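Residue numbers (this note's numbering), protein chains in the order written: chain E, 846 to 964; chain U, 370 to 918.
To be clear, the hints were calculated from the coordinates, so they are not data collected in a lab. Just so you know, not all the hints are guaranteed correct.
No more than 30 Å apart at the CA atoms, straight line, and that leaves these computed lysine-lysine pairs for BS3-like [as the list claims (entries may be wrong)]:
1. U/K644 - E/K868
2. U/K714 - U/K727
3. U/K835 - U/K785
4. U/K644 - U/K633
5. U/K727 - E/K955
6. U/K644 - U/K785
The following residues of chain E were derived to be distant from chain U, with all beta-carbon distances above 12 Å [stated by the list, open to error]:
7. M846
8. R848
9. R880
10. D892
11. Q899
12. E907
13. A910
14. W916
15. S946
Predicted model, so just to flag it, every value in this text is computed and none were measured. For glycine and all other residues, C-beta sits at the position ideal for the given N, C-alpha and C.
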Amino acid sequence: MTRVLIVDDEPGIVASLRRTLRKEGWELLTAAGPREALRLLQGGAVDMVVSDYQMPSMTGVELLARVQERWPETVCVLISGWADSINEQILREAGIRTMISKPWDDGELKATLRSFLTP
Amino acid sequence: MRSHDNSADVPALIRIVVFEAPGPANDTLPALDRIGAEVEFLRCDRPESCAQAAADDEVDLLVFDRRSSTEIGNVLRAVGPSAPPSVAVLGDGSPESEALEAFRAGVSDCVREGGDYAEVLPVVALEQIRRWRQQRKRVVAARKIAWLEGYSENIVQSINSALLVVDVEGQITVANSTAGATLNADPLDMTGRSIDDWFPSDPMQPSLVRQTLEQGVRFRGAETVIALPGRDAVPIGISCTPLLDSDGETHGAVAIFQDLSEIKQLQQQVLQQEKMASIGQLAAGVAHEINNPMGFIHANLYQMTEYLDDLDVYLEAVDALVATAAEDSNPALTAALGRLVDTEKRIDFNFLRDDFRKAVLESQEGSERIRHIVRDLRDFSHKGSAERSLADVNQCVDTTANIVFTMMKHSVVLEKQYGEIPELSCYPMELKQVFMNLLVNAYQSIEEALAGGSQEAVIRIVTTEKADGIVVRVSDTGVGISESDQQRIFDPFFTTKEVGAGTGLGLSTSYAIVERHGGRMTVESGPHAGATFEIWLPFYPIAPSVEDS
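Turn these sequences into a full structure, and let the hints steer you where they fit.
Here it is in structure tokens:
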């Protein structure tokens, strides 16, 4: 079963993403921050990590860069409320496939994530 | 004592031209040699050489030693009015008439040979030399004074600050050309006029110049305004100092001032830009904070409609169940069914089911609107837009229009006709400021027209590409601008709005920004005919000159 990890320190975002992706048939794991996310990943790799950008201990870009380093097969997606400081180059260097802005369009979000997971 | 005084007066070297008589020498030269420590004789025996020698500036005295009055006359005429003083030494036993003739010929004094003439001659010569030298000193001093006068006049006229000197009555005695230019008058016509003509004074509030004149107050870098006929008050920076005589009495005042209009405008412009920048930062921060909760509100609302779809499927099954159960005679089932129908009635279930969906859809629409507002705010304050960059002018106009539109409470119809235009190298933040100024002005003008009974309320934004640049036109159906106001509409501090409603800087700042882009801004309007502002932004601006000179 496809495993997807959602990382955001905002519980509302985690819950709403869970709702949005509920019917995708994926196993949804959630973490309230980068540390928890890395701990979860130690227990078993996932197919995709969807992470918020602004978080207390490290940014989503830093987290996803580490994920890419350890688990290069994992699809990394960033989700951010503020896109200004992040450019294409930063995403490319961290191995992030795409960035989704908050608030997102449900249909688009689902279509984008599905496309990354279809072989 | 006297001789000591004389020797102090007279510089060491004395030059004397002597027109000598032929024949044996007399005591003239030895006598003259006693005048000072160093006496230089230029001895001549012909009138031409004598006249030539005497024409030298450095000659102190011309001595005619036993020459005829005719010869004396010829020499003095040849030397002309700049001739040094001359003394005639007359022959021993010459008649009285000869002295008279020598005087007539133009000598300054006469001495007759014989007796104690060797004692008298140096005294007479020295006296002439002393007078001559004093006179020459006065001439030199007068020349120096004249030069200094011209020099200081030149300084006064050339300094870049306006300078006025007034007498104790407040009448202008000196006005330089900058003062004339600043006060819109001919500096020559200003002298003799009252300072109050330009610096209005009243008994309760005397002008700064009056305060200096009457109370001896000094001002440095004070700010005030001056009244100019037919023009708005001009802000100036002024320094005033009383002119004191040797007794310490004020006998006038000096005022130095500069027109601050331009500086004030620049200050306001900087303030305005800082304000825009901080609004941008604030908007950015707010947008970020809003986006997180908006993220899940938005997602949840969409999820809710899906839930409702699922619930509808479920409720259809419930409806079928209820219909089937209604045909059954099981009393427990009938009672339960009754309770269900009662509850449905009590909570107005059919309305609730309908309205729940409506409420969610309306909330969705609301959240969609918030999403757009936040996106526009974010685009408006996009980082880096303060620097020169390639930008889509349509997008600049659009995000600004969307923000201003939210302020317009939808009382205005916004028509957008965006042409296909290429990206432009520009300062996007500044251009947005220009568009915002134009749109807010258009909106305020329409509000005024609506209050006056107008039915139309349209702002039209048109962008088009021309061969050499981009044209943005903002038209409104507002009250319009009169011909005379159109002349001044881009002047700093010019406003037709009520006091406090406008700074009078919006359009002048916009004008300056467009100029900085090498472009032009023009206005077309008539009273009650609305107004159209047109901005032309060139693709390849010619760099504006640093200073107009």
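Comparing the hints with the structure gives:
1. For the given pair, U/K644 sits about 48 Å from E/K868 by alpha-carbon distance, which is inconsistent with the 30 Å threshold.
2. Between U/K714 and U/K727, the direct Cα distance comes to roughly 20 Å. Compliance with the 30 Å bound is thereby established for this hinted pair.
3. For the suggested pair U/K835 and U/K785, the alpha carbons sit about 18 Å apart, so the restraint of at most 30 Å is met.
4. With a C-alpha separation of about 16 Å, the suggested pairing of U/K644 with U/K633 holds against the 30 Å cut-off.
5. The hinted pair formed by U/K727 and E/K955 meets the criterion: a straight-line CA distance of about 25 Å does not exceed 30 Å.
6. Proximity of U/K644 to U/K785 is assessed by CA-CA distance (about 27 Å); at most 30 Å being required, the pair is judged to hold.
7. Annotated as non-interface, E/M846 keeps its C-beta farther than 12 Å from every C-beta of chain U; the closest such distance is 22 Å.
8. Every C-beta of chain U lies more than 12 Å from that of E/R848, the closest at about 21 Å, which supports listing it as non-interface.
9. The beta carbon of E/R880 is kept farther than 12 Å from every beta carbon of chain U, the shortest such distance being approximately 20 Å.
10. For E/D892, the non-interface assignment is confirmed: its Cβ lies about 21 Å from the closest Cβ of chain U, beyond the 12 Å cut-off.
11. Non-interface status of E/Q899 relative to chain U is broken: a Cβ of that chain comes within 12 Å, the nearest being about 8 Å off.
12. Consistency note on E/E907: stated as away from chain U, and its beta-carbon is indeed over 12 Å from all of that chain's, at 19 Å minimum.
13. Non-interface call for E/A910 relative to chain U: holds, since the shortest CB-CB distance, roughly 22 Å, exceeds 12 Å.
14. The claim that E/W916 is not at the interface with chain U holds, since no C-beta of that chain comes within 12 Å of its own (minimum 26 Å).
15. Its closest Cβ contact with chain U, about 8 Å, brings E/S946 to no more than 12 Å, contrary to its assignment away from the interface.
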